[in-house]
Every structure is written in structure tokens, then in C-alpha cells.
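**Q** What follows is each chain in one-letter form.
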Amino acid sequence: MFAHDSRLVTRNSPVVVEPDVEESVKDAFDKGWAVVVWNDPINLMSYVVFVFKRVLHMSLSDATRHMMEVHEKGKSVVARETQEKAELLVHQLQAYGLQATMEPS
Amino acid sequence: MKLTKTAEGWVLELEWLERVIIVTALEQQATHYRTPLDQLDPVLQAHWRGRLSLRGGEKAKEASEDLAEVRAGWRGERLQAIERWLQVLNLNDVDQVQSLGLTVEEIETLVQVFNERRLVLAAEYGIGDAAMEADLESGPVDQTQRAVMEIHLLGVVLHVLISALDGELE
Numbered sequence: 326m327f328a329h330d331s332r333l334v335t336r337n338s339p340v341v342v343e344p345d346v347e348e349s350v351k352d353a354f355d356k357g358w359a360v361v362v363w364n365d366p367i368n369l370m371s372y373v374v375f376v377f378k379r380v381l382h383m384s385l386s387d388a389t390r391h392m393m394e395v396h397e398k399g400k401s402v403v404a405r406e407t408q409e410k411a412e413l414l415v416h417q418l419q420a421y422g423l424q425a426t427m428e429p430s
Numbered sequence: 018m019k020l021t022k023t024a025e026g027w028v029l030e031l032e033w034l035e036r037v038i039i040v041t042a043l044e045q046q047a048t049h050y051r052t053p054l055d056q057l058d059p060v061l062q063a064h065w066r067g068r069l070s071l072r073g074g075e076k077a078k079e080a081s082e083d084l085a086e087v088r089a090g091w092r093g094e095r096l097q098a099i100e101r102w103l104q105v106l107n108l109n110d111v112d113q114v115q116s117l118g119l120t121v122e123e124i125e126t127l128v129q130v131f132n133e134r135r136l137v138l139a140a141e142y143g144i145g146d147a148a149m150e151a152d153l154e155s156g157p158v159d160q161t162q163r164a165v166m167e168i169h170l171l172g173v174v175l176h177v178l179i180s181a182l183d184g185e186l187e
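Keeping their order, the protein sequence lines are chains X and W.
All residue numbers for the first sequence refer to our numbering, where the first residue is 326 and numbers rise by one.
All residue numbers for the second sequence refer to our numbering, where the first residue is 18 and numbers rise by one.
Calculated from the structure, these hints are not laboratory results.
Where a beta carbon is used, it is the ideal one built from N, C-alpha and C, also for glycine.
Some clues are possibly wrong.
[Stated by the list, open to error] Partner residues aside, some chain W positions facing chain X, computed with beta carbon under 7 angstroms: (1) 68; (2) 70; (3) 72; (4) 80; (5) 87; (6) 132; (7) 145; (8) 146; (9) 149; (10) 151; (11) 175; (12) 179; (13) 181.
The whole structure should be built from the sequences, with the hints applied where relevant.
**A** Structure, rendered in C-alpha cells:
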């Protein structure tokens, strides 16, 4: 389909991609979003480890390390993802009641 | 309180006092879910809006609205699950242990509901680190301390449930 679109391709010339399209494609594949979990006084430490294992498929040692980072430093970056995947992870972490946000990194 | 795996699925066995704690928490949470969002205390409305990003700017604005919609959807789903469980559990029979059959997915929902009950109590009563670590045996017990006690009790319940689920994840 794109091969017949004169805006994108001309004979004997390199592919020309419009800047806004290029930006959209870059955004879609760029893992430029950090998923951050913040400390709170209510969620149990064992519960946070459980959620990291369940949602982020972390090993017990990774889940425990990130939980301790949340507990001691107030937050932990638990994933770096595309915008779409980061949104999904934030939804899943919040479904379990964790204080999770996504931040441009 | 015992959660065991059988050939048909999981069975949660509860003695009377355990049922009192669990049924009371579920009934309170069901009332919370039934209350329209705009009639909740502003702090609870904020809890249900959630927050997607602190620095996301325009890119995260639309997605924040999606998040609020998704979060609101959990209320109806969880209310339905609670209503199913409350049909099975009752407080009339003091001497008998009662059983609640659960799938793994239902245990996860139960975990989410109990944890949410803890978060809602904390938001409603402004419970932070100091209140969570306060000595509950000293002085008269007020509503906030009762809420802290419930948060701690449900923490024990959660511990039992996630110990069972941990085995399923490994």
C-alpha cells in the first residue's frame, strides 16, 4: 500500500517518511517510559513481592530487591517500556493496589 | 483459616470468628463499591481516579482518562465477586467451619478486594506511617484505631492467601 503513495516513495529515490509519521513510529517502539512503583505505608512487603512476581514475572530475588528499593528509597523503576506497554503495566500494578506511575525517561 | 488445594480447586475454610472478620470486611467493601463515585468522599474519589503519571504531560493526559475508566470498571467486577461469596458465607452457624470454593482467579480477586479494603480505610481515615506503627493497646480505641486494626487483620488474611498463590506462580 505504501509503495503506491507518492508522498512516501518516489522512483529512484530513497524512502521519504513524513516527520510526524517518523515521530509516531519512533514513539511506538521507543522504550522511553519508566514504570515507577512508589512507597506507601499500607501495602505489605510480602504483598509487593507477590505482585512484582505476578505482574512483572520477576524472580523472587529481583522482586525482593525492587521491593526493598521501594521501601528504603521511596520508589523503584521496575520496567522501561514503550508508552503502550508501560500503560498496561501501570494498569495491572494499580489493579493490585500498588502506587505505580509511568514517567518519561 | 485454611486455604487448601483439592482436585476440584481451592477451598477456603473459615471458623466463625474468621468469618466475622471476612464477612464484615466484604460487606463494607460491597457498600463502598455500590456507592456512586460522585457521592464518595473527595479523598476516595481521588483514590478511584488514580494517577498515571507525574511528568507525562500531554502524552499521558488522554491515557489518564483511560486509566480512570479502567479503575471504575474494577468496582463492578469486584462487587459481583463479593456478592457471590456472601451468598455462601453466613454468620449464623457459630460452631461449624464453613467452606468457600475458589478458583485461582477468584483468590486473586479476593486478594485485590482485601488489599483495596485496606487502601480505602487508609484513605478514608488518613492513615499513614505513624498510625500504622502506633501502639493500639494504649488508650481508648477510636474509629481511626479500629480502621488500623482492620488493616492489620486483613494483612494477616492477605498473607495466608498470597502464600497459597505463591505456590501457583512457581
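**Q** Return the status of the interface hint for residue 179 (chain W): holds when the least beta-carbon distance to chain X is below 7 angstroms, violated otherwise.
**A** This interface hint holds because 4 angstroms falls under the 7 angstroms limit.
**Q** With a cut-off of 7 angstroms on the beta carbons, see whether residue 70 (chain W) makes it to chain X.
**A** Interface hint status for residue 70 (chain W): holds (5 angstroms vs cutoff 7 angstroms).
**Q** Using the nearest Cβ pair, does residue 146 (chain W) come within less than 7 angstroms of chain X?
**A** Given a least distance of 4 angstroms, the restraint on residue 146 (chain W) holds.
**Q** Using 7 angstroms as the Cβ threshold, decide whether residue 181 (chain W) counts as touching chain X.
**A** violated (11 angstroms)
**Q** A closest beta-carbon separation below 7 angstroms is what the hint needs, so does residue 149 (chain W) meet it against chain X?
**A** OK, holds: residue 149 (chain W) within 7 angstroms of chain X, min 5 angstroms.
**Q** Can the hint on residue 145 (chain W) be confirmed by a CB-to-CB distance to chain X that is less than 7 angstroms?
**A** Hint holds; residue 145 (chain W) Cβ to chain X Cβ min 5 angstroms, cut 7 angstroms.
**Q** Please check whether residue 80 (chain W) passes as an interface residue: C-beta within 7 angstroms of a C-beta belonging to chain X.
**A** holds (5 angstroms)
**Q** Interface hint check: residue 132 (chain W), Cβ to nearest Cβ on chain X, cutoff 7 angstroms. Holds or violated?
**A** Hint holds; residue 132 (chain W) Cβ to chain X Cβ min 4 angstroms, cut 7 angstroms.
**Q** Hold the hint about residue 151 (chain W) up to the distance rule: shortest CB distance to chain X must be less than 7 angstroms.
**A** At 12 angstroms from the nearest chain X Cβ, residue 151 (chain W) fails the 7 angstroms test, so the hint is violated.
**Q** Should the interface hint for residue 175 (chain W) be scored as holding, given a Cβ-Cβ cut-off of 7 angstroms against chain X?
**A** holds (6 angstroms)
**Q** Going by Cβ atoms only, is residue 68 (chain W) closer than 7 angstroms to chain X?
**A** Hint holds; residue 68 (chain W) Cβ to chain X Cβ min 6 angstroms, cut 7 angstroms.
**Q** Tell me if residue 72 (chain W) is really an interface residue toward chain X, meaning its C-beta lies closer than 7 angstroms to one of theirs.
**A** holds (5 angstroms)
Violation of the numbered hints given earlier is confined to hints 10, 13; the remaining hints are satisfied by the structure.
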